[in-house]
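Trainee: This is what each chain is made of:
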Amino acid sequence: MIHTLILGWVTFVYFASFLCYLLAMLRGKAFWGRLATGTALAGFAAQTLALIMRWIASYKLGIGHVPLANFYESLIFFAWAVILLYLIVEWRTRNRTLGAFVVPIAFLAMAMASLSPGIDNRIQPLIPALQSNWLTSHVVTCFLAYAAFTMAFALGVMFFLKGENSPEETGWQRIRGLIPAPEALDELIYQSTVMGFVLLTLGIVTGSVWAHYAWGSYWSWDPKETWSLITWLIYAALLHARLVRLWQGRPLAFMAIWGFAAVLFTYFGVNLLPGLHTYLQS
Amino acid sequence: MSKKNNAIWSFFSSVKLTVALFIVTAFASVLGTIIPQQEAAETLTGRLSPGIVQILKTLQLFNIFHSVWFTILLGLLCFNLIICSLNRFPSALRQFRRQRSPGRPDAPDHFEPDKQFVTTDPPAVTASRLAAILEKRYGRIERTVEGTKSLLYAEKGRFSNFGAYIVHLGIMLILGGAIAGFLMGFEGYIELGEGESTNTVYLKGTKDTKKLPFMIRCDRFNLELYDDGTPKRYRSDISFFKGERLVRRETVLVNHPVQFEGIRFYQANYGTVPGSRMTMAVRQGRQKVAEQGIEEGADFALPGGKARVKILRLVGNFMNLGPAAKVYISSPEGDLQFWIFQYIGRIVQENPGLLLQMPMMNPGLFKPYVFSLEPGVARYFTGLTVNQDPSLPIVTAGASIMILGLLGIFFYEHRRIWISLEDKGEGTSVSITGRCNRNDTLIRRDLDLLANAAEQNAESSK
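Taken in order, these protein sequences are the chains called A and B. With the numbering used here, the residue at position 250 of the first sequence is 251, and numbering never jumps. With the numbering used here, the residue at position 233 of the second sequence is 235, and numbering never jumps.
Chain A side only, calculated, beta carbon under 8 Å to chain B, not exhaustive:
| no. | residue |
| --- | --- |
| 1 | 128 |
| 2 | 133 |
| 3 | 188 |
| 4 | 192 |
| 5 | 195 |
| 6 | 206 |
| 7 | 214 |
| 8 | 219 |
| 9 | 222 |
| 10 | 224 |
| 11 | 230 |
| 12 | 231 |
| 13 | 238 |
| 14 | 274 |
Counterexamples of contact, computed for chain A against chain B with all Cβ distances above 12 Å:
| no. | residue |
| --- | --- |
| 15 | 30 |
| 16 | 43 |
| 17 | 61 |
| 18 | 67 |
No wet-lab data here; the hints were simulated from the structure. The beta-carbon is built from N, C-alpha and C at its ideal position, and this holds for glycine as well.
Only chain A is shown next, with the shape it has when bound in the complex (with noise of 0.2 Å):
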């Protein structure tokens, strides 16, 4: 499949992408960057027509579905929405450090998709229970939000690596001027959280009318529903708790990096306990 071979090469662009946002951070010339961009951008284009032509493909196969239905799928789609937003938010914030932390993530994502033995990259029909219209949207809102909430991760990271400047100029130093300052990110993790939140919550609440329509209720406290409430919540404490300047700054960077965790259990970790979701163990 040719669609399959071509996201196998865009996860070594995305890789050759983090080497020149990683090489634009280390060296601080504007070139490097500037590749780096070029070369995310490559990778996201050939990744978008790769998805468009394996959902072409399944029409042909005459099992038509979105590319949003198993494991391998949910990867590629994941690692597509980092590198979407990543790119948006370079664009409005006019900063490359962001990159050197997010695109390794996307990169993470394409290569356990392409390379884990266990991964079946072949498309398969849908079982009855997600042939519904429901499926789309539930699975697009809840990427999206993985994807800002990786955002708020990397800015969580940056947080800490970047800590107090010291007036001695050392390599290390510079790089630490490179990234935005402490307020900045603190501004940027809210935003992207508030995101990620936004999208998510659209995601539960998609995935409990998906439920009733499917099993004849909106909640039945599966892991992976439960997974999600905790991720959710824990969002939720970060947002009100920012809102009332009860935590900013360190905690809030924390707090991001808390929350990614749990994103991670809940579509990671969460395969390991039974449940509803099991069509994505392979």
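Start from chain A and add chain B according to the hints.
Mentor: Frame of chain A, contents of chain B only:
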């Protein structure tokens, strides 16, 4: 007793409490996913000492999500949410209703302005330049003149201050609706073999049943597979009866429930009815003389009543030749044993002469009859989730309101800008202040834009 001084009121209206409750609820939910719950807990309790099991049971750790303390936790969250909203809503409403005016009391005159500079232009020129930008980005502008001072004020997105209240209202509707649905509705399960009908629903989580005011019959269950063997479609054709009268026929699919008299039916399960796996047909010449549903150990009489057939074994796949039954025939002429294969036609075609070599495989061994297994006669049962949930419109409305509120928060923010211009003879002293209820970057961008415009114009007019 005034609201503000009441210790209980201030405790429950605190956002710190909200944050604490969020974290405690999250932690309890984590426990609920790592400790096996309900039926799953039994394998764990078998390995622990009875004392520990008793403690865990008292703490309701094997049914956290339905435990008293978890319910109290959720109740506290709701209570906190209501009190917080009641506490803050009046001031938000006052702020919303307030007249637009540049000199109004909440103008942050007492704060340090965000931008302060002097231009060489006369106040009227600077004012009209800034007003043009403000108008383009904010719409309407309010102006006042007080002696040598003139003030400009503009705002947009005032209603976004209500976003949080709208979200909270939505959440209250969802939770209220869910509780109402739990109290007024029911959730249960029925299992129906093809051709069977019932009006009894087994209620979930209890041993109780509920009688429906109508009968439901399963006419047919059908399972379709993709070429690779994964399930494609589970389909139940059902009929509803009032008394003896057929009222409606419907098809229930996964993701496609059927509603009848306010009660919904969802495709949940299926299986084959035990003892109905195969049918045996007996022919004499071309004429079918008997047909019998069979299971191991069953026996039946052949026409005339002299000979009897006993099913000794039923095998799903015998010697890789497909389904087969071993029969024992007792008759006045003597007893016989042989095998009957469902696919005997194909087997003989592939192995000519087989029936002569192995008479045990000849379905016509007991003359003048020929036995056969009928294909595709397994009788299915369908399992349907049955529920009544009168809260559906409330929950749907709540979810829509919550999402609208969240979008309001996400896409709109309340931005306000105050500009004060003072004639200094030589030029104009300008101070600009901006406030935004959410995103400081956006307002900073607006302030920069205004300041640059005023200063650049000052440069160019030199």
